[in-house]
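K.L.:
So the sequence shown is residues 14 to 369, counted in my numbering.
A portion of the hints provided could be inaccurate.
What the hints assert, rightly or not - Result set (DSS-like, lysine-lysine): computed pairs, CA atoms no more than 27 Å apart in a straight line:
| hint | residue 1 | residue 2 |
| --- | --- | --- |
| 1 | K61 | K113 |
| 2 | K211 | K188 |
| 3 | K54 | K41 |
| 4 | K270 | K113 |
| 5 | K270 | K54 |
| 6 | K189 | K211 |
| 7 | K270 | K61 |
| 8 | K41 | K358 |
| 9 | K113 | K188 |
| 10 | K60 | K270 |
| 11 | K35 | K358 |
| 12 | K270 | K211 |
| 13 | K41 | K361 |
Claimed, not checked - Label pairs and their in silico Cβ distance ranges:
| hint | residue 1 | residue 2 | range |
| --- | --- | --- | --- |
| 14 | E337 | E291 | 24 to 34 Å |
| 15 | S280 | K211 | 45 to 55 Å |
| 16 | Q38 | K211 | 13 to 23 Å |
| 17 | R153 | R68 | 21 to 31 Å |
These are calculated hints, taken from the structure and not from any lab test.
Since this is a predicted model, take the numbers as computed values, not measurements.
C-beta: ideal position from N, C-alpha, C; glycine also.
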Amino acid sequence: MNNYWNERARNLSPYTPGEQPKDRQFIKLNTNENPYPPSPKVIEAVKKAADDSLRLYPDPECTAFREAAAACYGVNPQQVFAGNGSDEILAFAFGAFFEKTILFPDITYSFYPVYADLWDIPYSLIPLREDFSINISDYRIPSDGVVISNPNAPTGIALELNDIIFLAEFLERQKKVFIVDEAYAAFGAQSAVTLINKFPNLLIVNTLSKSTSLAGLRAGFAIGNENLIEGLRRMRDSFNSYTLDRLALAGGEAAVKDTQYYSGINSRVIATRERVTEILRSLNFTVLPSCANFIFIRFSSLGGRELFQALREQGILVRHFNRERIADFIRVSIGTDEQMDIFIKTCKDITERRKG
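Hey, can you work out the whole structure from these sequences and the hints?
P.N.:
As structure tokens, then:
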């Protein structure tokens, strides 16, 4: 089957996305989608854009979307890059900025090593502490750059802004790029966007999939120094100048403008997360402190795979990573209050049966 593959394709270990079931109804808590619908203004904008202009190519500069994101974050449009989700932007960034060994945590977003392998970039995994937090001092060593998800995934643990500054200063002296992936920052972490004018090596990557309920639209953006943005543009225009279609551009622009709506729904996600965390801990679950729209949990007398399977049999999908150090954990996306009540009751039933 792979006789026609080149060596690069043969050696790749592609990213495995979360299950998207088609054959039965599940409570879907496995892919960190926002449980609440997009802003009505987004739906209206997408419908309005679905006209005869679809026969024309979209704006390759994504001007209106970038201007809206720039206004939202208080930066210049020239400091914003738009892409087909943050995954595409991260892939461009790995190709544009790194050649030699880069650093990222041993437990983090599992697409990072895939990007590195795709671009033939050596990488070094920096172990998290025993409590699964990042020790930022561990990254102040010679490298070609650093990539950190803040909050980290799948742990949900966030760094303080002072930690970002501490590492950005070191990497700037080395003239190396520091990428901070803020896919989940809207759920409780401090954004580092305010630092981009101080640190020209700092690139902040974000997505509309989580905090703006648009995982199905595929849009994201990066914010950083104009030199970094130009590097991303060069990569994009060497692959596909039209990475965002007209519907995604219209929906993305409307989403970043409607901060009031999204602040409201994401506050609900945070409140649900905190309530569920408290209840699970009372049921003797270990729950890591999360600043994301998911929690990372384990039950001492039940393996992660076993708990994952037991929940699936009851119609609840979560995510399990069969990896060293975290094989006993599952990652649970925060759903609506009603969904999480069912999840809690199911966990209680499973663990009580285990005790019996």
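K.L.:
List, from low to high, the hint numbers that the structure doesn't satisfy.
P.N.:
As far as the earlier hints go, 1, 4, 15, 16, 17 are violated by this structure, in ascending order.
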